[in-house]
Amino acid sequence: MALVGRAALIVTLVLLAYAALAGGYAALRGRRRLAESARNALLAGFATTLIASVVLVAAFVRRDFWFAYVAQHSSRQLPLPYTLAGFWSGQAGSLLLWLLVLTGMSSAAVLLNRRLVADVLPWTVPVLASIACFFALVPVVVSSPFATQPAPPNGAGMNVSLQNPYMLAHPPLLYLGYVGLTIPFAFGVAALLSGRTDERWLVASRRWTLASWTFLGVAILLGAKWAYETIGWGGYYAWDPVENAALMPWLASTAFLHSVMVQEKKAMLRVWNVVLVTLAFCLSLFGTFLTRSGVINSVHSFSQSSIGGWFLGFIAIVAAASTALILARLPLLRSRSRLESLASREAAFLYNNLLLVAFALTILWGVAFPLLSQALRGQAMTVGPPYYNFFLRVFGLPLLLLMAVGPLIAWRRASLRSLARSLAWPLLAGLAAGLLLLAGGAGSSPPGLVAYTFSVVVLGAIVLEFVRGTRARKALGAASWPGAFASLVARNRRRYGGYVSHAAVVLLAIGVVGSSAYSASAAARLQPGQTLSVGAYTLRYLGATLHPGRNHDELRAQLAVFRDGKPAGVVAAGKNHYHVEAFFSNAVAIRTDWRRAEDLFVIGDEFHRDGSVDLKLVVNPLVDLIWIAGIVFLLGSLIAMWPDAREQRRLARRTLELEAVAHA
Amino acid sequence: MEPLALTLTAMIAAAAVVAVALPFLRRPHQREQRTPHAQPPQLELLEQRDRTLAALAELEFDHRTGKIADGDYQRLLGPLRREAAEALRLVQVGDRQAVEPKRAAAARRRAAAPVAAKEPR
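In order, the protein sequence lines correspond to chains R and L.
For the first sequence, position 325 (counting from the first letter as 1) is numbered 351 according to this note's numbering, and the numbering increases by one without interruption.
For the second sequence, position 73 (counting from the first letter as 1) is numbered 231 according to this note's numbering, and the numbering increases by one without interruption.
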């Protein structure tokens, strides 16, 4: 069956090459039937990639070690869910998954937007096909998942870090996020190539950007949760290059989701928006390069390979071609209006964009610095968390404050008196919260205190917006208060969905600040019966246990927990030993106290022959708000993503009006 | 080589060829049209109209919610109304400019038709 998989991939490559070349020619010469043929080739490319993927999944399910890739990434002992995850645990499978998602999303984008951007689609198809062509070329030529070998009796197993439930969801979601950013880029490039730079490409791009942004955001949080539970150092985000690789395109798309509103409302920032979709796409390619090339040491980088050069070349071509195209089309992208005041909603969006992009580029510099220093000086120099934490404060705190100001400031022009009046209640709430926290001892971390104060101001502004809006809807004739609230959100889902997402960012900020600025830790080597204390917790080491398993053995330190001297259960922390992989991994214990909003994090670091264990305890206040923020973020995204019937009616009416004029 | 794998491979390739050739196999309903390269000028005017009307509605709502003070509201309302009126006027002018040459051409064709019929073969 490897032959079928290999052949399906080759057919995919041929189809996509045809879609790129024939589609480009059809768009250039206005040949409609050739354009339809190219579109069909793109859709067929998805079908053949799906066939190749099914062949690989079937090989994993059958544990067919005749496939070298299956033998390298699974074993007979591996539980079925992780066996299926073997599909994306190596490089060749990851690239196939990338191709599957890309051709699937491209097909969906072409079919779903066939009416909205009918005259831009002939250009969109070759752009999407050209990108997909690259991703088909790599698994066909460089790294095939269908290479065969004499079947060994057992596989080599899977990287033990990946044997975690979060890793079943994290990589596919991350890919959906990364790959999804191809669609807005393709629409942007197609709009420039076709000369149709009106609002429609923006509407089509915005939806896909929002979806990709949501996938990326959830994937980053799932990755953080995985790191928290699996890596076992008590943290969840270490500014690792691969973690940063996902954060950069997320920041760029966050900027786009804000600046797109300025173009829609004011016909401004037209060049900037095309630059942002290009930047987000290039950063997503760079992220893939970092993850898959193995050029940077990372806990998340699971491969060493030779595809780095291919990716760098492709990124360079995309960046150069996009820049040339934007420069060539500058006359089409001139702004229709200008900034009227520095105190206006559009100005606030502009500040927000500058901060977000500056932060993304600062991270990019930090990530690229070891590569550059290696290339220039022959020695890789890395920048650590202090660099990133410094810039997180420099850019993050003003961004937090802008989240409070932005929603309350008017479009076009706002007098300072009017702005001060709008912000009065949120500012008072923030000030009161700051003073209370100061009295409660939160002054030990001044950035933390400022972040908390700003967070309360933002939450106050969000609540105020919902209250004022609901009151206005009620005054406009809504039958009840819940009806007024529902009508408020339904009439402007993007705005109020956005506010819910802002609330998620505030929860995230509170969680991050709480768990990093106010955490406490202790470490010691304990004999059975001895105790170790941290904060209000005391743990007594009861002894070690060993539970043999089919896939791995579990070695645990059993610890009785006391909080404020009262018994609070038993936790077990230690190590897992994986048989096939011959590898130890951490198995931390996390005791969540929802009432006090804190985690007790226990690491059983090393077990000694004399029965003692090296133990590390961390108390992480408010860390669980980070995971709750993920749920709120998803809710906000879903509200904002929900189709807006009024916008669809407006665009349909505009099309009808144009057709009426054309046929008059 | 497995015969089943070879058969499946051939079927995949054949299906791909059919999918790509399908638009050429269908009898075209109409003469193959070329996609126009230029953006219709009315589109920009319609966008401007919709944008200004949406801005007016938003200003009204923001004023109701208390986000915009009375003074600011009055200051912004006038120019925005003028902008909306101008956008509506431009749309009407644009429509006329787009339609009139077509009507004139149609009228010329109608006027020329009887003459052509009378011309000797």
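No lab work stands behind these hints, which were simulated from the structure alone.
The model shown is predicted, which means the values in this text are computed figures rather than measured ones.
Glycine residues also receive a C-beta, built at the ideal position from the N, C-alpha and C atoms.
Hints may contain errors.
With the Cβ distance kept under 7 Å, some of the chain R side facing chain L (calculated, not the full set) [to be verified]: (1) Leu29; (2) Val37; (3) Ala67; (4) Ala70; (5) Leu199; (6) Glu225; (7) Val229; (8) Arg438; (9) Ser441; (10) Ser444; (11) Leu445; (12) Ala446; (13) Ala498; (14) Arg566; (15) Ala570; (16) Thr571.
### Query
Holds or violated: is the Cβ of Leu445(R) closer than 7 Å to a Cβ in chain L?
violated (9 Å)
### Message
Does the closest beta carbon of chain L sit nearer than 7 Å to the beta carbon of Ala70(R)?
### Response
Cβ of Ala70(R) sits 4 Å from chain L, so the hint holds.
### Query
Does Ala67(R) pass the interface hint, meaning its C-beta sits closer than 7 Å to a C-beta of chain L?
holds (5 Å)
### Task
Under 7 Å, Cβ to Cβ, is where Ala570(R) needs to be relative to chain L, so tell me if that hint holds or is violated.
Violated, about 52 Å.
### Query
Would the hint on Glu225(R) stand, with a C-beta cut-off of 7 Å toward chain L?
Result: holds, 5 Å to nearest chain L Cβ.
#### Entry: chain L contact restraint for Thr571(R) - C-beta distance below 7 Å
Result: violated, 50 Å to nearest chain L Cβ.
### Query
With a cut-off of 7 Å, does the beta carbon of Val37(R) approach a beta carbon of chain L closely enough for the hint to hold?
At about 5 Å, which falls below the 7 Å cut-off, the nearest Cβ of chain L leaves the hint on Val37(R) intact, so it holds.
### Task
Report holds or violated for the interface hint on Ala446(R), using the least CB-CB distance to chain L and a cut-off of 7 Å.
Interface hint status for Ala446(R): violated (10 Å vs cutoff 7 Å).
### Message
Holds or violated: the hint that Ser444(R) contacts chain L, with Cβ atoms closer than 7 Å.
### Response
Since chain L brings a Cβ to about 4 Å from Ser444(R), closer than 7 Å, the hint holds.
#### Entry: chain L contact restraint on Leu29(R) - CB to CB distance below 7 Å
holds (4 Å)
### Message
Under 7 Å is the threshold here; is the Cβ of Arg566(R) close enough to any Cβ of chain L for the hint to stand?
### Response
With a closest approach of 58 Å, the Arg566(R) hint is violated.
### Agreement of hint Val229(R) with chain L interface, Cβ distance less than 7 Å
Check failed: Cβ of Val229(R) comes no nearer than 11 Å to chain L, outside 7 Å.
Of the numbered hints listed earlier, those contradicted by the structure are 5, 7, 11, 12, 14, 15 and 16.
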